[in-house]
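Engineer: Construct the complete structure from the given sequences, taking the supplied hints into account.
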Amino acid sequence: MKYVCVVCGYEYDPAVGDPDGGIAPGTEFKDIPDDWVCPVCGASKSDFEPAK
Amino acid sequence: MRPVEVKKDIYWVGAVDYDIRNFHHYSRSPEGSTYNAYLVKDKKNVLFDTVNAHEFDELVKHISEIIDPESIDYIVCNHLEQDHSGALPRIVRLCKPEKIFCSPMGLKSMTNIYDTTGWPIEVVKDGDRIEIGKRHVTFLETRMLHWPDSMVSYIEEDRVLISNDAFGQNIACPQRFADECTHEQLLTAMKGYYYNIVLPYSANVLKTIARVTEMGLAIDVIAPDHGVIFRTPEDVAFVLNSYKDFAAQKPMKRAVVVYESMWGGTAKMASAVADGFEAADVPCTLINLQTCHCSDVMTAMADASAVVFGSATRNNMPMANMMACLANMKGLRPLNRVGGAFGTYGWSGEAPKMIAQALADMKFDLPAEPLKCYFNPGADDLAACRRLGEDVAAALKAKCGE
Chain A
1 MKYVCVVCGY EYDPAVGDPD GGIAPGTEFK DIPDDWVCPV CGASKSDFEP AK
Chain B
1001 MRPVEVKKDI YWVGAVDYDI RNFHHYSRSP EGSTYNAYLV KDKKNVLFDT VNAHEFDELV
1061 KHISEIIDPE SIDYIVCNHL EQDHSGALPR IVRLCKPEKI FCSPMGLKSM TNIYDTTGWP
1121 IEVVKDGDRI EIGKRHVTFL ETRMLHWPDS MVSYIEEDRV LISNDAFGQN IACPQRFADE
1181 CTHEQLLTAM KGYYYNIVLP YSANVLKTIA RVTEMGLAID VIAPDHGVIF RTPEDVAFVL
1241 NSYKDFAAQK PMKRAVVVYE SMWGGTAKMA SAVADGFEAA DVPCTLINLQ TCHCSDVMTA
1301 MADASAVVFG SATRNNMPMA NMMACLANMK GLRPLNRVGG AFGTYGWSGE APKMIAQALA
1361 DMKFDLPAEP LKCYFNPGAD DLAACRRLGE DVAAALKAKC GE
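Note that the protein sequences, when read in sequence, are chains A and B. Under the working numbering, the first residue of the first sequence is numbered 1, with each subsequent residue one higher. Under the working numbering, the first residue of the second sequence is numbered 1001, with each subsequent residue one higher.
Think of the hints as simulated: they come from the structure by calculation, not from any bench. Positions of the beta carbon are idealized from the N, C-alpha and C atoms, including for glycine. Wrong hints could be hidden among the right ones.
Below, computed lysine-lysine pairings styled on DSS-like, alpha-carbon distance capped at 25 Å [unchecked claim]:
no.	chain 1	residue 1	chain 2	residue 2
1	A	Lys2	A	Lys30
2	B	Lys1330	A	Lys45
3	A	Lys2	B	Lys1330
4	B	Lys1108	A	Lys52
Where chain A lies over chain B, by a calculated footprint (3+ residues, C-beta under 8 Å) [unchecked claim]:
no.	segment
5	1142-1156
6	1199-1206
Per label pair, the in silico range of CB-to-CB distance [what the hints assert, rightly or not]:
no.	chain 1	residue 1	chain 2	residue 2	range
7	B	Ala1379	A	Gly21	23 to 29 Å
8	B	Asn1112	A	Pro25	34 to 40 Å
9	A	Ala24	B	Lys1250	37 to 43 Å
10	A	Ala43	B	Thr1213	26 to 32 Å
11	A	Ala51	B	Lys1353	42 to 48 Å
12	A	Gly21	B	Asn1112	43 to 49 Å
13	B	Ala1218	A	Pro33	44 to 50 Å
14	A	Ala24	B	Asp1245	28 to 34 Å
15	B	Ala1237	A	Val6	45 to 51 Å
16	A	Asp34	B	Arg1159	44 to 50 Å
17	A	Ala43	B	Glu1234	36 to 42 Å
18	A	Gly21	B	Ala1218	35 to 41 Å
Structural biologist: Have a look at this one:
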């Protein structure tokens, strides 16, 4: 499932992951470490909500 | 200054700040700045953005030359940083607007900064469109260009994009339009602004430009909130293409040597590193952090993909201005760079390694080992510095495809 950063609108897509942030493609949002931050604005994982 | 008509019944009513040299307390603005606000005269009179609080009188003076400020119906706040919203409380009191528009994130900032009790705020979302008489205004959220609340306003019938901070430049001058300045003069100011403010959000810049292109928005005028306005097809293309170039951060065959010295040894090393670049036919600029600001380094990086940093070691670490320079650069997230590190020492010499580590963390390519010299570099040391310059130059040229 895709998740959206409520601060800046960045969308996390599990198919893409966040390779620059150490998250491999195919990683579900729930499996991302808690200290991961939004690659665009730096907001924390808890600032994400499921995409509508 | 006087108000200036941008298109029929669309006026610049902002303020020119010839005094400001410290922009937002993180970037120098050697040529001052402007706070652009725009007034549209229609069935509903609309003010787009305001000015810094201390320029309130100037804003009101300009509006008053066109209409009675009390006849302003709508105020649009594209972004809430105080250089654009500082005059808002007094303007709201004076104009008693029927509506104040802002983005969803703008509401959060607006109610946080100001006492908005009784303000007729209307939140607009991405793509919302309002009618103001003969004209329609569409709001596009441009989050992280360069704040979460940032949005732009597009006036459909006139094809005018009020772009807020995007495409801004810190210039205080009597001219209001890009076609009254040279592109060379503008580019310097655009680069300084982009590299010190917009750079970390380069991916969003490209996404936004692609989106505007996909939407097929015809744009005759780009009117930013700082600097001059782009109103000819050539200048609109010039500013859009410049932003695409800045955002792409393609390798550029120029170098900068940034240094901070205590007793002159690191300065000698810096000069020798620069000689190495020049021997390899790569133009090189020297920046001394004792006399220049860390924002000058970022501006120089708009033309240079190789950056070598040198600091004397003081108390087991780089000197304070160098630490600040590296921290400032880290936040601005430059990409695609080649670098190196050097410096003198009195007894331990940790600075070059620490600098190299900081650059590695920023994903710089580091083709040579950090270089340290004892106190007052001799002929062999300076020869090693020249080699450092040559090695980084070779890596830069490879990056540039030579």
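Engineer: Checked against the structure, which of the hints given earlier come out wrong?
Structural biologist: Hints 3, 7, 9, 12, 15 not satisfied by this model.
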